[in-house]
Amino acid sequence: MNKSIFLTAFLAIILLLTSCSNTTPPMPKLDGTEPVPHISLPTPNGDTLSVDSFHGKVVFINFWGTYCPPCVAELPELQQLYDELRDDDLVIIGLNAEEKPEKVKTFIEKNHITFPIIISDDATINAIFGLKHMPTTWFVDRKGILRGKIEGQISKNMARKIANQLLNEP
43 MNKSIFLTAF
53 LAIILLLTSC
63 SNTTPPMPKL
73 DGTEPVPHIS
83 LPTPNGDTLS
93 VDSFHGKVVF
103 INFWGTYCPP
113 CVAELPELQQ
123 LYDELRDDDL
133 VIIGLNAEEK
143 PEKVKTFIEK
153 NHITFPIIIS
163 DDATINAIFG
173 LKHMPTTWFV
183 DRKGILRGKI
193 EGQISKNMAR
203 KIANQLLNEP
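Quick note on numbering: our numbering labels position 35 of the sequence shown as 77, and the sequence is numbered without any gaps.
Careful, some of the hints might be misleading.
To be verified - With a Cα cut of at most 35 Å, we get these calculated DSBU-like pairs of lysine-lysine:
1) Lys-174 / Lys-142
2) Lys-145 / Lys-174
3) Lys-142 / Lys-185
4) Lys-142 / Lys-152
5) Lys-99 / Lys-147
6) Lys-198 / Lys-142
7) Lys-198 / Lys-147
8) Lys-203 / Lys-142
9) Lys-152 / Lys-198
10) Lys-198 / Lys-174
11) Lys-99 / Lys-203
12) Lys-174 / Lys-203
13) Lys-185 / Lys-174
14) Lys-152 / Lys-185
15) Lys-152 / Lys-99
16) Lys-198 / Lys-99
17) Lys-174 / Lys-147
18) Lys-152 / Lys-174
19) Lys-99 / Lys-145
20) Lys-142 / Lys-99
21) Lys-99 / Lys-174
22) Lys-99 / Lys-185
23) Lys-185 / Lys-147
24) Lys-203 / Lys-185
25) Lys-203 / Lys-147
26) Lys-203 / Lys-145
27) Lys-198 / Lys-145
28) Lys-185 / Lys-145
29) Lys-203 / Lys-152
30) Lys-198 / Lys-185
What the hints assert, rightly or not - Computed beta-carbon distance windows for the label pairs:
31) His-154 / Thr-75: 18 to 24 Å
32) Glu-151 / Lys-185: 18 to 24 Å
33) Ser-82 / Asp-131: 30 to 36 Å
34) Pro-77 / Leu-209: 40 to 46 Å
35) Asp-163 / Ala-115: 33 to 39 Å
36) Ala-115 / Glu-76: 16 to 22 Å
37) Glu-140 / Ala-115: 14 to 20 Å
38) Lys-142 / Ile-170: 17 to 23 Å
39) Lys-203 / Lys-152: 27 to 33 Å
40) Lys-152 / Glu-211: 32 to 38 Å
I should point out that these hints are in silico values taken from the structure, not numbers from a laboratory. Glycine included, every Cβ here is placed at the ideal spot set by N, Cα and C.
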């Protein structure tokens, strides 16, 4: 019995670690043409936030979790970028997958994350959005078109290049 518990725990840890990616991804091609799926989810405070409400702005949707070290590592850089470019119509939305609102609220307060956070405590969120790795960041243009994505940790410099490219489009 102890062997089966150990094996189950070991496999769960391996699955968790392999679903988080800290490799440096290449610069994405921003040539997507599909509208971003409708996303309307609760915030840690219990309000509801819809991505549609940011139409006309460039939106980065960052899928993350407190259990994912690369996710946690990139949040301060995304926060800095948000602070620098939010007045230029860049919105960063953190979509936390599979965690309880209380845990997320405590985490974002402790880490001074001020960009909007929404939560899906349903494990199907990964399947619905086709997520294979976390973190994953989607890039949505002012028209609501999903232009590209990065699977893995994004650097602030790459995020800034993508933001500037999309912000400079009509």
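Structure versus earlier hints, numbers of those that do not hold, lowest first
The structure conflicts with hints 31, 32, 33, 34, 35, 36, although it agrees with all the remaining ones.
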